[in-house]
Amino acid sequence: MSVAVTLWRRSLNEVLRVRGALLPATIAPVVFMLGITGQFGRLTGLEGFPTDSYISWIVPLSCLQGAGFAGAATGSNLARDIEQGWFDRLLVAPVARPLLVVGPILGAITRSLVPATVVLVVGLLIGANLTGGVFGLLALYFACAAFCACAALWGIFMAVTFRTQQAGPLMQQGVFLAVFLSTAYTPEVLLQGWLAVVAPYNPVTYVLEMARQATVVGLEPSLEHTLPGLAALAGLAAFLGALAMFGLRRMGH
Amino acid sequence: MKSHLAVAALGRRSLSVQFRRAQLLMPTFVLPLMLLAVIASGTSAAQSLQGFPDVESYLAFVVPGTIIQGTILAGLTAGIAMASDIEFGFFDRLLAAPVRRTSLVLGRLAGTLVLSLLQTTFFLVVSLLFGAGYPGGVPGVLGTLVLAAITAVAMGAVSSAIALRTGSLSLLQSLFPFMFVMLFTAPAFFPQELLTPLLRDISVYNPLTYVVEGVRALLGGTDQLGSPAIGFATAIGLAIATTVLATGALEQRLRKL
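Chains as they are written, first to last, in the numbering used here: chain A, 1 to 253; chain B, 1001 to 1257.
Since the hints were derived computationally from the structure, they do not count as laboratory data. All C-beta atoms in this analysis are idealised placements derived from N, C-alpha and C, irrespective of residue type, glycine included. It cannot be assumed that every hint is accurate.
[Stated by the list, open to error] Ranges between beta-carbon positions, derived for each pair:
1) L124/A <-> A1008/B: 50 to 60 Å
2) F246/A <-> G1137/B: 50 to 60 Å
3) T1222/B <-> D52/A: 24 to 34 Å
4) Q84/A <-> A1096/B: 30 to 40 Å
5) V217/A <-> L1129/B: 39 to 49 Å
[As the list claims (entries may be wrong)] Chain B is faced by these chain A residues, among others (derived, beta-carbon under 10 Å):
6) A28
7) P169
8) L190
9) W194
[Said to hold, decoys possible] Among the chain A residues that face chain B by a calculated CB cut under 8 Å, a handful are:
10) P24
11) V31
12) L34
13) G35
14) A184
So that you can see chain B by itself, here it is in the shape it has in the complex:
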């Protein structure tokens, strides 16, 4: 079987698993929106703080945080599904299939990419219905979809690497809070200048800082909120590095067999 066909087939499989089990949709589609709704309403008074950027809609300002949260959850779901395949033996059967081994990782990541596209579209549409505006227009929205998808691939590759190294479903399921450290150490819901001093210093070293600011700039249509170019460069670099990590983990697993 040709590699690209195997990647597409495995990607389709990972998506159907996701959509056939409603309980997997709750954390990836519903949880981020719930948090967005609560944050947008519960902290919108922050707009009157000195130093808060002059934005049309507070909801639109926090949507990038939700999108990045979605990419983390989509990525984590990929790792959980991979660990589940390993624990229940399906991964061993895949290893016996006449396809390139790296397709097993790339197929999973292809599913994550498509999941992220659907998820981000869903978040943007729901937020639009609730009054968020996107001054960046269609190019900004399209750029956001691509940037989020690349970031989701990076997150999926990290969790797949952990799944391949450990093969433990329960470990992957308990990674949820640790992955959230990455979200909360980036200016996901608040401007970087208004984060507490310690967090502001830490956020400089978090790659998601540049991604979330890139999304904010794309949707807001202004470079004052961040740099899309730096956001893309960071996400692409992260995706390449973590995919190499995941394929390395696969090779290590195969050597142990």
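Only chain A is shown next, with the shape it has when bound in the complex:
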């Protein structure tokens, strides 16, 4: 376990010692949040929209997006370690292979707290409401942390498959797609066309519902809005974790 803790500290050092390392991952979701709210804020006037505050609707989405990008960065960092030969040295160490990625995943979860918190604070400052209280807040942070871990597993799978930093855009785009092919902009009842068909099958739709308990009126904290999200996260983690472990086992063969 000390291996995982050491690698966790190493991945945190990368952030603490590189000036501005977290800046893009933090600013991007804030810009998207402000931009999307400014562009589509009037959508709350549509019949069936659960809240009259669009910023309250978007804040959890942007928190998840920030956490997801922080998670996907684990893949880019691993790909860099593979390209530079550092990961080969770790592979010959007398430790179980899963432990080699546990530390970086824990590091990503820790890092993801920064963009999630910055987005939340900016959102609250410009008018979002914390309607879900403490339980809602816990649901939001848990959703972000677990989604970050899933994104990290996805990034790791990509890194061990392609073994190059050039796969970085694929890692980020995977998170982007997962987040936006859901009830990102409007609730399910207002979705039209192909997205109305796809969104219910996307696990992130339920993760978003869980996270939105923090800020959206009409999604009051309850097991009804929490359990589907937990099940979706468990399913995602199991599937992506299996892919990542499969890829890791093939490393060095």
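Since chain A is already given, all that's left is putting chain B on it; use the hints.
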């Protein structure tokens, strides 16, 4: 070597770099289309809002936003490539070549112009296949291609100026969200009248507002959606100003050598 030949050669080089590295095509060609697909499907209920213009297709209404997003990304790619050339030393070798120094900037921008033409054509064709209609017809589409290309040159010149001033690849790579501020403070995907009040006030000062409305008017074949003339005037003015900025940055860099 004659200047126009040097510009053409450098433009060709910047395009081949773009097309030989698939990971560079993802953000410029695929990302805007993905966002378009999600916005067109996720927010199309907005058409029933009071004050939304009477348009045939919601997809066609949001395509101009995607085109402008493409110009921003094409421009940013130019700056990233320029910074990469500086960091890895290739730019220094170019400086020793017997060509006018301004050709180094203009060549990069020529590549951006052609990239934008290809990109905009791609967006328009894919959107057409998915049901967007262009009542402006062929003249509207051709006008859109030209307007987008001029705007991409302006965006490319801004990011090239930053690359020349700083020479930092990592700075250019982290400019992505800041460039998007320009997209989101223009009525890229929603009518200006329906933006939130603060954003509506800000959008008046964003040159891309007039470009996106110009594209919308060209494709929609109606002046009610915007003014193509103002769009062209804004894009040309922006392109000239930013190219002067970029060549100024090059001269400053040369003075430091």
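Do the hints match the structure? See the list:
Under the hint 50 to 60 Å, the C-beta atoms of L124/A and A1008/B, about 54 Å apart, fit the expected range. Judged by the Cβ atoms, the range 50 to 60 Å given for F246/A and G1137/B holds: they are separated by roughly 53 Å. Evaluation of the 24 to 34 Å hint for T1222/B and D52/A yields a pass: the beta carbon distance comes to about 33 Å. For the hinted restraint 30 to 40 Å between Q84/A and A1096/B, the CB-CB distance of approximately 31 Å keeps it satisfied.
Look at V217/A against L1129/B: about 40 Å separates their beta carbons, and that is inside 39 to 49 Å. For A28/A, the interface hint holds, since its Cβ comes within 10 Å of a Cβ in chain B; the closest pair sits about 4 Å apart. A cut of 10 Å between beta carbons decides the hint on P169/A: the least distance to chain B is about 4 Å, and the hint holds. Because the beta carbon of L190/A sits about 5 Å from the nearest beta carbon in chain B, less than 10 Å, this interface hint is met.
For W194/A, the shortest C-beta to C-beta distance to chain B is roughly 6 Å, which falls under 10 Å, so the interface hint holds. Look at P24/A: its Cβ gets to within about 4 Å of chain B, closer than 8 Å, so that hint holds up. Checking V31/A against chain B by beta carbon gives a least distance of about 4 Å; that is within 8 Å, so the hint holds. Checking L34/A against chain B by beta carbon gives a least distance of about 7 Å; that is within 8 Å, so the hint holds.
For the restraint placing G35/A at the interface with chain B, the shortest Cβ-Cβ distance is roughly 3 Å, inside the 8 Å limit, so the hint holds. The interface hint given for A184/A is met, as the beta carbon of that residue sits about 6 Å from the closest beta carbon of chain B, less than 8 Å.
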